[in-house]
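Participant: Below, each chain spelled out in residue letters.
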Amino acid sequence: MADQETIQQVEELKKYKYGFETEIETEKAPKGLNEDIIRFISARKNEPEWMLEWRLEAYRLWKQMEEPHHWANVEYEPIDYQDLYYYAAPKQQKKPKSLDEIDPRILETYEKLGIPLKEQMVLAGVEGAPKVAVDAVFDSVSVATTFREELEKAGVIFCPISEAIQKYPDLVRKYLGSVVPQGDNFFAALNSAVFTDGSFVYVPKGVRCPMELSTYFRINEKKTGQFERTLIIVDEGGYVSYLEGCTAPMRDEHQLHAAVVELIAEKDAEIKYSTVQNWYPGDEEGRGGVYNFVTKRADCRGDNSKVSWTQVETGSAITWKYPSCLLRGDNSVGEFYSIAISNNAQQVDSGTKMVHLGRNTKSRIISKGISAGKSQNTYRGLVSVHRKAHGARNFTQCDSLLIGEKCGAHTVPYIQAKTPHAKVEHEATTSKIAEDQLFYLRARGIPEEEAVALIVNGFVREVIQKLPMEFMAETQKLIGISLEGSVG
Amino acid sequence: MPGLVPGIQGNEHGSLRFVESEQRTLAFVALDCRHKAGNDGVKGKAGKNEQNRRAKKVMTRPIRKLPAEEAWREAFAGFSVPALAWMQPRKAEAFARFEKLGLPTPRTENWRWSEIHRHLNAPYPPLTRPEAVDEAAQPALMENHLLAAADASVLVFVNGVFSEAHSQLMEEEGVEILPLSAAPVAPDWADLAPADDDAFDLLNLAYATDGALIRVRAGVEASIPLLVLNISTGEGHSVHLRHFVRVEAGASFTLYEAQLGSGDHVANVSTRAIVEEGAALTRVQVNQKDESTIHFGRLGADVHAHARLHDTALLTGGRYHRQNTYVDFAGEHAEIVTNSAYLLRNRQHADTRLRVNHAKAHCTSRETFKCVMDDHARGTFQGLIHVAPGADGTDGRMGAHGLLLDEAAEFDSKPELMIYHDDVACAHGSTVGALDEQQLFYLRARGVPERRAQAMLVAAFVAEVFDDIADERVREALTAYAERWLAGEGAA
Numbered sequence: 001m002a003d004q005e006t007i008q009q010v011e012e013l014k015k016y017k018y019g020f021e022t023e024i025e026t027e028k029a030p031k032g033l034n035e036d037i038i039r040f041i042s043a044r045k046n047e048p049e050w051m052l053e054w055r056l057e058a059y060r061l062w063k064q065m066e067e068p069h070h071w072a073n074v075e076y077e078p079i080d081y082q083d084l085y086y087y088a089a090p091k092q093q094k095k096p097k098s099l100d101e102i103d104p105r106i107l108e109t110y111e112k113l114g115i116p117l118k119e120q121m122v123l124a125g126v127e128g129a130p131k132v133a134v135d136a137v138f139d140s141v142s143v144a145t146t147f148r149e150e151l152e153k154a155g156v157i158f159c160p161i162s163e164a165i166q167k168y169p170d171l172v173r174k175y176l177g178s179v180v181p182q183g184d185n186f187f188a189a190l191n192s193a194v195f196t197d198g199s200f201v202y203v204p205k206g207v208r209c210p211m212e213l214s215t216y217f218r219i220n221e222k223k224t225g226q227f228e229r230t231l232i233i234v235d236e237g238g239y240v241s242y243l244e245g246c247t248a249p250m251r252d253e254h255q256l257h258a259a260v261v262e263l264i265a266e267k268d269a270e271i272k273y274s275t276v277q278n279w280y281p282g283d284e285e286g287r288g289g290v291y292n293f294v295t296k297r298a299d300c301r302g303d304n305s306k307v308s309w310t311q312v313e314t315g316s317a318i319t320w321k322y323p324s325c326l327l328r329g330d331n332s333v334g335e336f337y338s339i340a341i342s343n344n345a346q347q348v349d350s351g352t353k354m355v356h357l358g359r360n361t362k363s364r365i366i367s368k369g370i371s372a373g374k375s376q377n378t379y380r381g382l383v384s385v386h387r388k389a390h391g392a393r394n395f396t397q398c399d400s401l402l403i404g405e406k407c408g409a410h411t412v413p414y415i416q417a418k419t420p421h422a423k424v425e426h427e428a429t430t431s432k433i434a435e436d437q438l439f440y441l442r443a444r445g446i447p448e449e450e451a452v453a454l455i456v457n458g459f460v461r462e463v464i465q466k467l468p469m470e471f472m473a474e475t476q477k478l479i480g481i482s483l484e485g486s487v488g
Numbered sequence: 001m002p003g004l005v006p007g008i009q010g011n012e013h014g015s016l017r018f019v020e021s022e023q024r025t026l027a028f029v030a031l032d033c034r035h036k037a038g039n040d041g042v043k044g045k046a047g048k049n050e051q052n053r054r055a056k057k058v059m060t061r062p063i064r065k066l067p068a069e070e071a072w073r074e075a076f077a078g079f080s081v082p083a084l085a086w087m088q089p090r091k092a093e094a095f096a097r098f099e100k101l102g103l104p105t106p107r108t109e110n111w112r113w114s115e116i117h118r119h120l121n122a123p124y125p126p127l128t129r130p131e132a133v134d135e136a137a138q139p140a141l142m143e144n145h146l147l148a149a150a151d152a153s154v155l156v157f158v159n160g161v162f163s164e165a166h167s168q169l170m171e172e173e174g175v176e177i178l179p180l181s182a183a184p185v186a187p188d189w190a191d192l193a194p195a196d197d198d199a200f201d202l203l204n205l206a207y208a209t210d211g212a213l214i215r216v217r218a219g220v221e222a223s224i225p226l227l228v229l230n231i232s233t234g235e236g237h238s239v240h241l242r243h244f245v246r247v248e249a250g251a252s253f254t255l256y257e258a259q260l261g262s263g264d265h266v267a268n269v270s271t272r273a274i275v276e277e278g279a280a281l282t283r284v285q286v287n288q289k290d291e292s293t294i295h296f297g298r299l300g301a302d303v304h305a306h307a308r309l310h311d312t313a314l315l316t317g318g319r320y321h322r323q324n325t326y327v328d329f330a331g332e333h334a335e336i337v338t339n340s341a342y343l344l345r346n347r348q349h350a351d352t353r354l355r356v357n358h359a360k361a362h363c364t365s366r367e368t369f370k371c372v373m374d375d376h377a378r379g380t381f382q383g384l385i386h387v388a389p390g391a392d393g394t395d396g397r398m399g400a401h402g403l404l405l406d407e408a409a410e411f412d413s414k415p416e417l418m419i420y421h422d423d424v425a426c427a428h429g430s431t432v433g434a435l436d437e438q439q440l441f442y443l444r445a446r447g448v449p450e451r452r453a454q455a456m457l458v459a460a461f462v463a464e465v466f467d468d469i470a471d472e473r474v475r476e477a478l479t480a481y482a483e484r485w486l487a488g489e490g491a492a
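Residue numbers (this note's numbering), protein chains in the order written: chain A, 1 to 488; chain B, 1 to 492.
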């Protein structure tokens with residue numbers, strides 16, 4: 001049965017099916033970046049004075065910084081930061097009160113993307129499946145957040161961060177920038193200065209979030225940078241599972257996406273963060289596509305806290321992203337499961353950092369990289385065990401699969417151990433797709449492209465199983481699509 | 001216009017040349033240091049300022065020129081070695097290049113764990129005349145080292161100068177061995193060119209006072225190995241030796257190198273090896289200096305088709321030993337093995353940068369590093385297997401394993417794979433931890449005293465590194481040393 005399904009999926013393969021563009025009126029800030037633009041964004045969002053100050057501080061730091069060209073294994077033409085729009089929003093008269101007031105064309109877009117914004121449509125056809133609350137971000141603003149009432153009953157706050165800044169300033173002030181400070185790195189500073197929207201989640205003490213939370217990001221406008229900021233706080237004993245998906249229209253020019261995600265897990269709290277990143281990867285020659293320069297970091301502050309990152313990276317012309325865990329609480333756990341697929345001219349430099357500071361902290365890294373075409377795929381990771389992290393434990397496994405002779409797969413792990421009371425293990429392998437497996441499938445009449453997709457799906461199975469059920473099927477399909485044209 | 005792939009210059013498929021910039025810097029691990037102090041979130045204005053201050057500090061910290069670097073920049077004007085007059089133009093060239101390049105900084109990626117700013121914080125001007133050799137101490141030094149067991153010709157260099165009195169060369173047909181200072185002109189078979197991107201190799205050529213020239217004629221399977229003793233003593237100077245070995249087609253040769261001596265000085269020993277088609281070179285290096293010396297060692301090897309290089313190192317002496325090992329495959333079906341053991345205690349620091357460049361198809365490489373650190377010692381390792389486009393059938397395996405015996409010991413490792421071709425099987429593994437409690441318990445339960453049990457496990461941990469050494473006496477000497485080491489008897 002599963003085989004039939006896969007075959008069907010492979011038949012359905014289209015190029016980049018999310019490459020359409022929605023024609024709606026938008027309101028844009030003038031091109032370029034200066035303090036006035038930041039004031040404009042801040043004013044647009046009705047932000048309090050402290051928020052503007054915070055942004056301006058970030059901007060001043062950013063101006064002193066150099067773009068980090070040198071160390072990541074990616075190459076790109078310099079970005080002209082003055083040739084970008086930093087604010088684009090669908091035009092609307094006032095805030096929509098319900099979904100009916102949102103431009104139907106935006107709703108249509110999300111339907112095309114397969115994101116059901118209407119609550120009753122949630123996972124149509126999958127009866128009894130858990131509900132998913134969705135926050136949809138269109139260019140620079142959040143257009144709709146579903147299931148809010150139900151979440152409020154449980155005490156969970158799930159809303160656009162722009163709204164949180166106004167409604168819950170104390171929470172935002174306390175936690176914003178506490179994991180990724182404004183001056184952390186070039187792109188984080190840029191984001192801190194100009195971020196327009198993103199999701200905010202607060203799970204209070206002892207609450208298990210009753211449903212999966214999800215954000216869908218979409219870049220629509222031309223020459224627009226998307227800078228979203230996600231802040232997730234789970235208080236003592238809480239739990240949340242959060243999903244994130246991304247797409248963009250096909251364009252000849254590059255689009256910049258520089259997000260910052262901060263996760264805070266207090267004592268006994270658990271956060272599960274899953275990403276399926278399918279930004280437009282550019283065409284076969286490397287024209288167009290999204291530059292995905294993202295800073296994601298989790299702070300396991302409390303004892304026994306746990307953060308699990310799962311990512312499927314198939315899109316983007318360039319990916320530069322290292323979801324990390326600071327394991328500060330005793331017995332805290334960090335996990336990182338990643339599938340990174342690159343084809344054509346894509347460049348991926350991704351991995352994780354696990355910083356063990358507390359006692360008996362544990363981390364686990366499973367990374368599967370697949371490179372095809374003439375793409376370059378790099379795993380770059382850090383496992384650092386500090387002097388007081390007695391009983392710390394890490395296991396890392398990085399496997400790379402190469403399809404075709406023009407691609408590259410690289411593994412750059414850093415291991416730093418400062419105490420004998422820790423155990424760190426790292427292993428990595430790199431090989432090409434197994435001839436005998438391919439032959440076996442071909443001999444049974446399975447076309448080469450499908451056979452490759454099957455083998456790759458087997459290769460990444462360990463990670464796919466960590467994904468929430470909703471993402472599993474989508475991911476398997478995505479893998480097929482991403483590798484299209486990689487053989488023969 | 002930069003190439004598509006960093007580290008690669010030129011675009012022609014198959015003929016890419018791997019150029020690694022020693023100067024490449026990296027900010028990837030910066031996060032780590034920033035959070036060391038702990039970060040309890042933004043609490044009022046003070047917390048915020050604290051964060052910004054830290055962020056700004058990372059950006060603007062200036063890099064200071066080291067006293068050692070200044071001394072090396074100044075010394076060349078008055079530096080000359082009469083015996084090596086023929087080398088002078090090359091020395092000047094190398095020095096000019098060094099002047100431009102300068103020493104690596106703490107931000108230079110390949111030197112990130114080297115702490116040379118701590119070690120080279122004093123001037124170490126080059127030595128031109130041999131200092132009086134303490135006759136009483138030298139025989140002991142020359143006889144009581146781990147490679148003394150080898151039945152070999154001996155070439156001795158004391159403070160950078162060939163010592164005929166202590167050397168003992170046995171004649172063998174087809175094997176030419178002579179000190180660099182005895183060569184009247186540049187031998188056309190010796191390639192003395194420095195690595196352009198390695199500041200210490202440039203310094204080595206610029207300030208070299210002597211070295212060994214070795215040539216093994218085609219087809220000669222040399223039966224007498226050569227033992228080179230690089231002895232340096234004294235304080236506040238640097239000694240530079242440059243060795244060259246060419247093993248011609250189908251020949252084989254064994255080279256032992258012992259780094260001996262004492263005192264707060266810098267020794268810089270560079271060995272260049274060319275292993276021609278079907279030839280074999282075995283090299284064993286031991287650093288047994290006292291814990292005040294600084295040593296920079298380099299092995300640059302070209303390994304041609306069907307040739308074999310087997311390199312083993314035991315780093316157990318010195319305050320700081322930096323090993324740069326760069327191996328390039330220059331032909332197909334060649335094979336290399338690079339194994340190292342670190343046995344470090346007190347405040348010793350051993351640091352290796354290893355790069356194996358699989359530029360040709362069907363080559364095999366094996367790298368095994370076993371590093372044991374006691375007390376405050378630090379072991380660091382940066383290894384890279386690079387596979388060039390078109391290198392079919394590459395088989396590479398790298399392992400870096402650290403064993404920490406005490407609270408303040410540290411191990412840092414970065415085993416890296418850079419692979420630009422699909423028909424490969426490459427793997428690396430890296431682990432770090434303490435001695436296995438269960439194994440200790442097993443031995444203790446059988447009446448083995450604790451210290452002895454630990455020593456046995458340490459010896460077992462590093463044993464693999466010496467396993468392939470063909471000369472039984474040398475292998476046994478090294479293994480026995482590893483067993484004694486923990487008890488402190490091993491100290492030279």
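The hints are simulated quantities; they were obtained by calculation from the structure and are not laboratory data.
Among the hints, erroneous ones may be present.
As the list claims (entries may be wrong) - One side only, chain A facing chain B, incomplete, derived with CB under 7 Å:
{"#": "1", "residue": "P210"}
{"#": "2", "residue": "Q437"}
{"#": "3", "residue": "F439"}
Unchecked claim - Listing some non-contacts, in silico: residues in chain A with all C-beta distances to chain B over 12 Å:
{"#": "4", "residue": "E27"}
{"#": "5", "residue": "E49"}
{"#": "6", "residue": "I79"}
{"#": "7", "residue": "Q82"}
{"#": "8", "residue": "E163"}
{"#": "9", "residue": "K272"}
{"#": "10", "residue": "K362"}
{"#": "11", "residue": "L382"}
{"#": "12", "residue": "R387"}
{"#": "13", "residue": "G458"}
{"#": "14", "residue": "P468"}
It should be emphasised that the depicted structure is a prediction, and the values quoted were computed from it without experimental measurement.
The C-beta atom is built at its ideal place from N, Cα and C for all residues, glycine as well.
Participant: Does each hint hold? Answer for all of them.
Facilitator: Cross-check of the supplied hints:
no.	hint	verdict
1	P210	violated (28 Å)
2	Q437	violated (15 Å)
3	F439	violated (16 Å)
4	E27	holds (32 Å)
5	E49	holds (14 Å)
6	I79	holds (15 Å)
7	Q82	holds (22 Å)
8	E163	holds (20 Å)
9	K272	holds (22 Å)
10	K362	holds (14 Å)
11	L382	violated (6 Å)
12	R387	violated (8 Å)
13	G458	holds (18 Å)
14	P468	holds (28 Å)
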